[in-house]
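From first to last, the protein sequence lines stand for chains A and B.
The first sequence begins at 144 in my numbering and counts up by one.
The second sequence begins at 144 in my numbering and counts up by one.
Do not take every clue at face value.
You can't tell identical chains apart in this list, so a pair holds if it fits in one copy or across any two.
Said to hold, decoys possible - As a list, the in silico SDA-like pairs of lysine to any residue whose alpha-carbon atoms are at most 25 Å apart:
| hint | residue 1 | residue 2 |
| --- | --- | --- |
| 1 | LYS171 | ILE384 |
| 2 | LYS171 | LEU380 |
| 3 | LYS171 | ARG351 |
| 4 | LYS171 | PRO382 |
| 5 | LYS204 | GLU292 |
| 6 | LYS185 | PHE156 |
| 7 | LYS212 | THR308 |
If you are wondering where the hints come from, they were derived from the structure by calculation, not from laboratory data.
On a predicted model such as this, the values are computed, not experimentally measured, just so you know.
Number of protein chains: 2
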Amino acid sequence: MSTHDAPAAPAEFEARLRAIGEAAYHDKHPFHVLMHAGKLTKRQLQAWIENRFYYQCMIPKKDAAILAKADDADFRRAWITRIVDHDGSAERAGGLSKWLALAEAAGLAREDVQSLRFVLPGVRFAVDAYLHLVESSSLAVAVASSLTELFAPPLMSDRMAVFETHYPWIDRTGLEYFRGRLVEAPRDAAWGLRYVMEHCTTRAEQERAAAALTTKCHILWSLLDSVYFAYVAPGWLPPLIDRAVSDE
Amino acid sequence: MSTHDAPAAPAEFEARLRAIGEAAYHDKHPFHVLMHAGKLTKRQLQAWIENRFYYQCMIPKKDAAILAKADDADFRRAWITRIVDHDGSAERAGGLSKWLALAEAAGLAREDVQSLRFVLPGVRFAVDAYLHLVESSSLAVAVASSLTELFAPPLMSDRMAVFETHYPWIDRTGLEYFRGRLVEAPRDAAWGLRYVMEHCTTRAEQERAAAALTTKCHILWSLLDSVYFAYVAPGWLPPLIDRAVSDE
């Protein structure tokens with residue numbers, strides 16, 4: 144198959160994008176498997192929460208970078224809701240403050256998490272790559288990189304049950320982030336998928352969209368690699384990162 | 144200490160930069176320790192060579208980005224030698240072709256290495272971060288990020304001895320890269336250190352230089368994390384990376 148071939152039919156293209164999630168979405172990562180089996184220690188789960196916060200911080204920035212690529216007010220009107228969902232408004236809390244509430248419910252100090260000082264370098268490099276991927280892609284390909292949202296909803300509902308059952312030391316009020324994503328992710332994913340289907344109409348653009356979604360899956364995977372590697376096994380931190388590795 | 148403080152004296156600032164290398168240069172990484180103790184399998188050493196090639200490819204690109212920041216022909220005349228050292232000239236082979244010779248001497252197919260198709264995502268994210276670090280820094284801070292060269296020369300001479308003793312299946316003609324760096328790295332490091340000392344003359348710029356050198360150490364460290372994690376222990380590759388993990 145070459146990029147000069149005719150484009151794949153929509154059903155075939157969508158199946159290809161879904162197969163990437165099937166193979167590479169981070170729910171298959173050993174750290175994630177441990178998390179959902181209730182096997183993480185308190186410190187390990189905290190490490191995930193404080194490192195993942197760096198990813199949460201990047202979401203509105205990458206969405207702003209996507210917004211800046213759009214020439215069309217209809218696109219911007221639809222996409223801007225993502226930024227508002229994460230940053231919140233006068234009336235309601237956004238995803239970022241819900242994530243900080245999760246961190247506090249898990250026993251972390253809000254200031255420690257917000258300062259980003261315990262974020263592992265490998266997590267920074269992976270998450271920063273998401274912004275660079277979006278900045279260097281066409282609008283439709285940048286939208287395609289967000290399609291991991293197609294695979295998120297079942298995970299979010301599992302996660303609330305998992306946290307309530309296996310990690311009862313986390314206050315339930317901390318789980319609002321996941322509840323919010325149950326509504327937001329399917330709406331955003333459906334919109335994004337429709338956009339990608341309508342705008343990736345050449346084989347070359349479809350190839351770039353599939354590559355961007357693969358890279359996005361690798362970003363989420365790499366984030367978990369770093370946390371697993373530092374806090375689960377073989378259990379070392381990079382130099383100049385001063386953080387407890389295990390529960391006291 | 145605040146960034147409004149008076150700048151550190153040159154000797155104190157240099158000692159601080161050297162202490163960063165002392166704490167965080169990648170010779171302390173467990174993968175590197177295994178390598179120099181002769182404990183890597185053939186496949187593990189090959190994995191390092193093929194992944195590290197992605198870093199080698201980035202060197203002339205980040206040096207070109209630094210060159211593009213310089214207003215001064217004297218600076219550019221000095222710095223351009225780095226690009227020529229890596230890319231070579233009609234008269235002599237450059238670092239990139241010497242690295243490919245090392246890969247072939249270690250039993251890898253040149254085309255596989257050049258294609259970058261086995262480069263781990265975590266390695267890509269870390270190495271790409273080097274280019275972004277340089278692009279987003281002042282000229283003097285970008286130069287500071289190159290000062291890992293201060294710590295490289297003893298490592299290069301050790302490495303040649305280590306490879307000859309412990310990995311005799313690598314043809315000696317493959318070791319020219321390390322021999323070249325024995326001459327180039329001290330020359331470049333001395334030049335870079337002098338430049339950083341002369342141009343980072345405020346406390347704020349010294350802080351940024353120290354932070355850039357720390358990030359650079361974390362980039363090299365993270366590269367080894369990814370290779371260790373995939374090929375040594377616990378031994379899994381990210382999804383959609385189709386590569387043998389162990390010797391056949």
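The hints, checked one at a time:
no. : hint            : in the structure
1   : LYS171 / ILE384 : between (28 Å within a copy, 15 Å between copies)
2   : LYS171 / LEU380 : both (23 Å within a copy, 12 Å between copies)
3   : LYS171 / ARG351 : within (24 Å within a copy, 38 Å between copies)
4   : LYS171 / PRO382 : between (29 Å within a copy, 9 Å between copies)
5   : LYS204 / GLU292 : within (17 Å within a copy, 34 Å between copies)
6   : LYS185 / PHE156 : neither (41 Å within a copy, 40 Å between copies)
7   : LYS212 / THR308 : neither (43 Å within a copy, 55 Å between copies)
Consistency with the previously given hints fails for numbers 6 and 7, ordered from lowest to highest.
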